[in-house]
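Fit chain B to the given chain A structure using the hints.
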Amino acid sequence: MATRLYLSNDTSARAAGADQLAEAWSLDPEIQMTRTSSRGALFLEPLVERDGPNGRLLWPLATPDDLARIKAGLGGIEISEVPFLTRQQRAVFAQFGMAEPLSLGNYRATHGWRGIERAAGLSPEGIIAEMKVSGLRGRGGAAFPVWQKWDIARRTHAECKYVVANADEGDAGTYCDRMIMEGEPFRLIAGMLICAKAIGADRGYIYCRWEYPAAAATMQAAIDACERRGLLALDGKPFQLEVFRGAGSYVCGEETALLSSLEGGRGMVKVRPPYPAVAGLYGKPTIVSNVLTFATVTEIFSRGAAWHASLGTARSKGTVALQLSGRIKQPGLVEIPFGASLREVIEQFGGGMADGAQLKAVQVGGPLGSLFPASQLDIKLCYDEFHEAGAVLGHGGIVVFDHETDMVELARHYMTFTADESCGKCAPCRIGSMRGRELLERIDNGQGTAADLALIADLGDTMKATSLCAHGARGPYPVLTAIEHFGDEFQQRLQAKSGHI
Amino acid sequence: MSDARQRPSSQETARDSLPTGQRTDLTDQQQSVARVIHSWHMPSDKPNILKALLSLQEQVGYVPLESIPAIAEALGVTESDIAGVLTYYPDLHTHQRGRHLIRVCLGEACVANRAIRLLAELTDELRIGLGGTTIDGQITLERVYCLGNCGVGPTVMVDDMIYGRMTGAALRSLLKRCQSCSQGPAN
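Chain order of the listed sequences is A and B.
If you're matching positions, the first sequence starts at 1 in our numbering and goes up one per residue.
If you're matching positions, the second sequence starts at 1001 in our numbering and goes up one per residue.
The set of hints was computed from the structure by calculation and includes no laboratory data.
Please read all numbers here as calculations on a predicted model, not as lab measurements.
Where a beta carbon is used, it is the ideal one built from N, C-alpha and C, also for glycine.
Just so you know, not all the hints are guaranteed correct.
Below, a sample of chain B positions facing chain A; criterion: calculated Cβ distance under 10 Å [what the hints assert, rightly or not]: (1) 1107; (2) 1112; (3) 1145; (4) 1146.
The shape of chain B in the complex, shown without the other chains:
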């Protein structure tokens, strides 16, 4: 990052060279990545890598590894700076995940209320492990350490919704809803 402060002009150069419109030789995903990177207005003295990656992920769904050089250039930092941040945070992802994201809370309050048993039911039902995605690409299963919903646990988060007082039966009906609707937020 100190590198960037010494040569703030490189950011402008990088931006100018990025595609501004639709280019036919790029895939949809590459075009979205390029559009997001082009829209950044980072103050050149303090490029914020984490903020940039989160904004890219929010719009594209994940941070494609192939986009690291373009991000590094846009922010005026090295590729290893980007890779370092990208690999550090559990909630930055380098691959497309399932259409629906199910997160089981494994904070102690939920563990006290048998969240580990719920998780086992889910892995059995979906036949995937933690971090896995079902073969049809519908559901990715993750764990999270505390959603701050300890008073009404055990807690499961499906996409953007947080559900409390989860039971096996409630979980199965949530799963059915996920599996039956093919439309939904692609994370």
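The shape of chain A in the complex, shown without the other chains:
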């Protein structure tokens, strides 16, 4: 009898060599290969699994030569031997690593449709009341209470309304939306359907960034599968769902820019109000929410709002999906209730620093987040504590930099990114990021002066106070926190000290 092996089909598993394994073993008649979602323990990829007496047996970092060992059942470890996984409290990602992403049968068998089935029996008001109890706040970065947004859209009268999944996961260091779309696409669809029922929408879009080709293809295949089974329907009426591809613009992750792009135009930010919940796509009421938000909605209706509200801290309910990367031993996806400290996460899940590396700075919340030095890692991972510290949790990206990192070069890199990706709508961001980049280039090249450093601080304050959206308003944060915590490095690079005079 053939042995069934499981191997992730996730982009990161493939980038780490999963396809080479599948190809090398494809001709072996004794092997039946099932491609699954990823467990998110990315430091173990490519990870080969097979069924064992106590659940799956794992062969981490497998190479083609490992086949004989795996077939003989030798050397596999149990999940209970991987603390990175056992210490997590997974809800949204509970099934990751187990099933085929596009198997509706698997999804149903693991109670994936329970959420939408429960929501189907509720009125729109009832759905929104559940959302209010759950305390869910948007997971894309803005952390706005989801029920409020839905309620505004529900109350706004219009002949058509839209539900849009923001799959423009542009924050560097984040990948949980990609994992959801590639790993459990039906979960996103179910969450969007629940939202559509609550607000009375009959059309939805998944705005997927260009950089995620596999996610877009999987979502499209999942939509097709649902359509074939008649699952894309609300109260007997069809719900039209479409994948829309972006074209490489970071600012399109901002909701008004995203909608401009979805309409086919330049991805320019618009002044709010009106908010999209009142006048969004083509001027109609539109809910734009992050992929993880919709995926969490599915779980809330499956397990109940009280379950969600029982996790986390006073004002950050539920679980947080942290995405660890950089110079640590164990990069990967960590889902735990809000409230753990940054240090605990890096040490317990990240497994500490990579060999020979010493921690220098940690960036939380993507390119619009802040840098934390080693002395400030006791901050709790929740919206409020980050807000008080002037930082953002953003989409949950945690990037660890080591002692070799040149902070001036890094600051220059950040400002180059802000300038490259500015949509150009407002002057503080368009011009400020350009001047900021020039100033940092000058300092990086050893030609800067103390006045340049002062000017960067001034420029940062202006951008923070006057930019139209978070791109300009938060763009200076990594640079300003780099200067705040690693000021000596900037001082040493200035003209007078580098001997250029």
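Leaving out everything else, chain B in the frame of chain A:
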């Protein structure tokens, strides 16, 4: 775009006037562009410029500047509407790029894992800068801000394939493969 909604019939007129078959006075590329434009079935009230340009690029490899008037006419929008969208998005291209496309991820997670050093090795090896194409037209080098592969970075994308845990040596062998195979997807 509001223009288009007022005169939806112009789209039909434009389509009718487009060449349906092969015309000898057009180059291959012009013929492909014409074929793609002719195949569009945009609802006349909501022409989607970005979607149209992406579909053209997918089939022709890029959006030739000369095709702007025909696209504008087909969609019932102005040429400046098209130019505006075309110049906004980093992944819409107006020129033919190299046969192979190498993109180095410069997201922070990859930067933390020395992606900038990898990029420097590449620019030295290929003797081109970011956005440049080698003199033989084989390789175009670009940067990308995050491919969502942060857990197994640094990341390099070659054509449609994403490679993780990149080292200088792995990169050089990828390069050799690119340079040795003359056949491949023309982007």
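Going down the list of hints, with the structure as the test:
{"no.": "1", "hint": "1107", "in the structure": "holds (3 Å)"}
{"no.": "2", "hint": "1112", "in the structure": "holds (4 Å)"}
{"no.": "3", "hint": "1145", "in the structure": "holds (6 Å)"}
{"no.": "4", "hint": "1146", "in the structure": "holds (4 Å)"}
Hint compliance for this structure: every hint is met.
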